[in-house]
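Chemist: So you can see what is in the structure, the chains are spelled out below.
There are 2 protein chains.
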Amino acid sequence: MVERRKTYKEKPVMLVALGGNALIRKGQKGSIEEQFRNLRVPLSQVARLSRDYRIILTHGNGPQVGNLLLQQECCDALPRLPLEILVAQTQGQIGYMIESTLDSELMKLGNGTVPYIVTVLTYVVVDENDPAFRNPSKPIGPAFSEEAAARLPYRTVRTEKGYRRVVASPRPVTIVEKREIRRLVELGFLVISCGGGGIPVIRESRTFHGVDAVIDKDLASARLAGEVGVDVFVIATDVPGVALNYGYPDQTFLRSITVEEAVERLKKHEFPDGSMGPKVEAAVQFLEEGGRRAVIASIEEVEEAAAGRAGTEFISGRVRG
Amino acid sequence: MVERRKTYKEKPVMLVALGGNALIRKGQKGSIEEQFRNLRVPLSQVARLSRDYRIILTHGNGPQVGNLLLQQECCDALPRLPLEILVAQTQGQIGYMIESTLDSELMKLGNGTVPYIVTVLTYVVVDENDPAFRNPSKPIGPAFSEEAAARLPYRTVRTEKGYRRVVASPRPVTIVEKREIRRLVELGFLVISCGGGGIPVIRESRTFHGVDAVIDKDLASARLAGEVGVDVFVIATDVPGVALNYGYPDQTFLRSITVEEAVERLKKHEFPDGSMGPKVEAAVQFLEEGGRRAVIASIEEVEEAAAGRAGTEFISGRVRG
Numbered sequence: 006m007v008e009r010r011k012t013y014k015e016k017p018v019m020l021v022a023l024g025g026n027a028l029i030r031k032g033q034k035g036s037i038e039e040q041f042r043n044l045r046v047p048l049s050q051v052a053r054l055s056r057d058y059r060i061i062l063t064h065g066n067g068p069q070v071g072n073l074l075l076q077q078e079c080c081d082a083l084p085r086l087p088l089e090i091l092v093a094q095t096q097g098q099i100g101y102m103i104e105s106t107l108d109s110e111l112m113k114l115g116n117g118t119v120p121y122i123v124t125v126l127t128y129v130v131v132d133e134n135d136p137a138f139r140n141p142s143k144p145i146g147p148a149f150s151e152e153a154a155a156r157l158p159y160r161t162v163r164t165e166k167g168y169r170r171v172v173a174s175p176r177p178v179t180i181v182e183k184r185e186i187r188r189l190v191e192l193g194f195l196v197i198s199c200g201g202g203g204i205p206v207i208r209e210s211r212t213f214h215g216v217d218a219v220i221d222k223d224l225a226s227a228r229l230a231g232e233v234g235v236d237v238f239v240i241a242t243d244v245p246g247v248a249l250n251y252g253y254p255d256q257t258f259l260r261s262i263t264v265e266e267a268v269e270r271l272k273k274h275e276f277p278d279g280s281m282g283p284k285v286e287a288a289v290q291f292l293e294e295g296g297r298r299a300v301i302a303s304i305e306e307v308e309e310a311a312a313g314r315a316g317t318e319f320i321s322g323r324v325r326g
Numbered sequence: 006m007v008e009r010r011k012t013y014k015e016k017p018v019m020l021v022a023l024g025g026n027a028l029i030r031k032g033q034k035g036s037i038e039e040q041f042r043n044l045r046v047p048l049s050q051v052a053r054l055s056r057d058y059r060i061i062l063t064h065g066n067g068p069q070v071g072n073l074l075l076q077q078e079c080c081d082a083l084p085r086l087p088l089e090i091l092v093a094q095t096q097g098q099i100g101y102m103i104e105s106t107l108d109s110e111l112m113k114l115g116n117g118t119v120p121y122i123v124t125v126l127t128y129v130v131v132d133e134n135d136p137a138f139r140n141p142s143k144p145i146g147p148a149f150s151e152e153a154a155a156r157l158p159y160r161t162v163r164t165e166k167g168y169r170r171v172v173a174s175p176r177p178v179t180i181v182e183k184r185e186i187r188r189l190v191e192l193g194f195l196v197i198s199c200g201g202g203g204i205p206v207i208r209e210s211r212t213f214h215g216v217d218a219v220i221d222k223d224l225a226s227a228r229l230a231g232e233v234g235v236d237v238f239v240i241a242t243d244v245p246g247v248a249l250n251y252g253y254p255d256q257t258f259l260r261s262i263t264v265e266e267a268v269e270r271l272k273k274h275e276f277p278d279g280s281m282g283p284k285v286e287a288a289v290q291f292l293e294e295g296g297r298r299a300v301i302a303s304i305e306e307v308e309e310a311a312a313g314r315a316g317t318e319f320i321s322g323r324v325r326g
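Taken in order, these protein sequences are the chains called A and B.
Going by our numbering, the first residue of the first sequence is number 6, and it counts up by one from there.
Going by our numbering, the first residue of the second sequence is number 6, and it counts up by one from there.
No lab work stands behind these hints: they were computed from the structure.
All C-beta atoms, glycine included, are put in the ideal place defined by N, C-alpha and C.
Among these hints, one or two may not hold up.
Computed footprint of chain B on chain A, listed as stretches where at least three residues anywhere in the stretch have a Cβ under 8 Å from a Cβ of chain B [what the hints assert, rightly or not]: (1) 83-92; (2) 122-128; (3) 203-216.
No farther apart than 27 Å at their CA atoms in a straight line, the calculated lysine-lysine pairs in the DSSO-like style are these [claimed, not checked]: (4) A:K166 <-> A:K143; (5) B:K166 <-> B:K16; (6) B:K183 <-> A:K16; (7) A:K183 <-> B:K113; (8) B:K143 <-> B:K166; (9) B:K16 <-> A:K183; (10) A:K16 <-> A:K143; (11) A:K31 <-> A:K183; (12) B:K166 <-> B:K34; (13) A:K143 <-> A:K183; (14) B:K183 <-> A:K183; (15) B:K183 <-> A:K113; (16) B:K16 <-> B:K143; (17) A:K143 <-> A:K34; (18) B:K31 <-> B:K183.
Using the sequences and the hints, build the whole thing.
Modeler: So this is what it looks like as structure tokens:
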């Protein structure tokens with residue numbers, strides 16, 4: 006019996022947000038060869054999933070933008086580039102690494118045509134009145150001694166590792182390329198976008214200006230998922246899902262959680278900031294805005310999570326469609 | 006009388022290859038502010054041209070990739086990234102700068118809808134047996150003293166400025182994303198692509214591998230123009246067009262040149278290597294492969310060149326369609 010292929014229009018749309026461990030695993034130095042090898046783990050799964058879903062991929066950029074910042078500090082001969090430009094550079098770098106690896110995984114699969122793939126540079130509007138700009142709290146880039154930090158032209162914060170530059174992490178308001186991405190997905194393109202949470206811009210009348218900030222990639226992905234009308238939102242990370250008492254002897258990974266419970270636990274700050282916290286928030290936001298399914302799962306288990314056999318499924322009373 | 010708008014299908018397709026001076030002018034240090042300001046010169050024209058043409062933009066990346074190379078050399082703490090990754094970074098950087106500036110220019114124009122714009126990361130297949138790999142000749146990045154150069158892990162060459170890294174500049178064989186770009190253009194998207202001549206890759210059975218090389222952006226643009234079926238190919242640069250005896254007291258800019266004459270003069274090496282030479286070669290290649298119009302013009306006169314009132318027009322006996 007020949008399995009009938011789904012046509013593009015019949016396929017649900019899945020957004021997979023790849024965590025930092027898609028590129029660099031714990032304990033690795035993060036050579037380019039390692040990063041390419043690591044990418045095959047999620048992308049071989051994404052290649053197979055693309056038979057049944059229209060796919061949007063998003064990704065983080067923490068270590069990569071950190072390296073660009075460190076390089077800048079090393080090199081007095083050159084003017085420092087604003088953060089928005091560095092984020093754009095990482096969208097090029099990581100987008101190319103993902104796209105070329107995915108190309109190879111799709112070609113290995115054979116059987117049928119490879120979908121059109123594009124990596125779309127993405128910028129994301131933030132609100133200049135976002136409270137994050139008054140109280141920058143996101144440490145980025147290398148750690149410095151107190152003396153070195155005092156000479157930097159940036160605001161710094163003391164962290165466990167040393168003094169680090171701190172920037173605002175405002176909420177994503179809207180994805181500038183949403184029309185384009187929506188159209189591309191309708192047409193069956195596999196789209197890689199919103200790298201590093203997007204290049205942060207503010208809109209002033211008829212122009213955009215980049216700003217020195219970083220946007221959380223899971224929150225940006227949730228915004229994109231909502232604006233494009235994605236069916237399934239998978240947040241792929243380095244743990245099997247959402248845990249209660251994470252890091253304690255009695256930690257328990259959940260197979261499912263209701264939106265109501267997740268909101269309660271978010272309010273009590275039970276999920277770490279800058280880690281599981283924004284992921285849970287992103288999943289909740291997606292469902293509250295009408296999304297159908299949201300799952301947080303390990304990068305090793307994206308396919309299993311899509312099939313409902315792994316990860317933490319978010320349960321909402323309200324479903325779209 | 007109301008002017009009737011052309012629909013996408015009726016509009017001819019124009020590829021505009023932006024030279025390095027679109028971003029950094031002679032005598033400038035090349036701050037990001039300067040680069041954004043400079044971009045408005047060609048992009049305000051491109052915005053207006055997009056009413057009558059479907060547009061593909063390509064661009065160089067020489068100074069930008071040079072800065073990334075210099076930064077790498079400064080920073081011993083980090084592993085050096087292969088050149089293909091740096092090219093990808095510049096596609097992100099410059100693509101974002103072009104796209105956001107063009108967005109603003111289109112919004113300023115008002116009157117009608119802004120076309121869909123996407124910046125598409127592009128990689129370009131080169132032949133591993135290309136003779137350029139046996140004899141790398143393209144100097145890139147910063148200049149070093151003889152002693153410093155001897156310690157570099159790269160092949161270097163002595164230039165006027167000092168010792169510089171030298172890499173292969175193989176010919177572009179095919180643009181990997183040609184299907185995608187063709188489809189996007191058919192659909193009326195304004196596409197930014199092939200930045201820096203594209204990310205150079207070789208194909209080995211079912212996978213792609215990046216290689217340490219750079220591809221001439223005008224030759225890559227000609228390849229893309231041919232593969233997409235572009236009607237008009239405009240190479241925008243820092244001089245008014247093709248000159249005879251360039252740099253001598255009797256230099257003469259040509260308003261037109263036949264393909265036959267251009268080929269003759271190329272054979273005699275009358276146009277400088279790495280400068281006007283590959284531009285003329287790109288224009289010739291485009292027309293010989295069936296393109297309709299090729300023009301080399303100043304970045305200040307893209308619109309005038311499109312209208313046939315500036316630049317050097319290449320005249321071919323053979324025309325497509």
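Chemist: Taking the numbered hints from earlier one at a time, note which ones the structure violates and give those numbers from smallest to largest.
Modeler: Hints 5, 10, 11, 16, 18 are the ones this structure does not satisfy, whereas the remaining hints hold.
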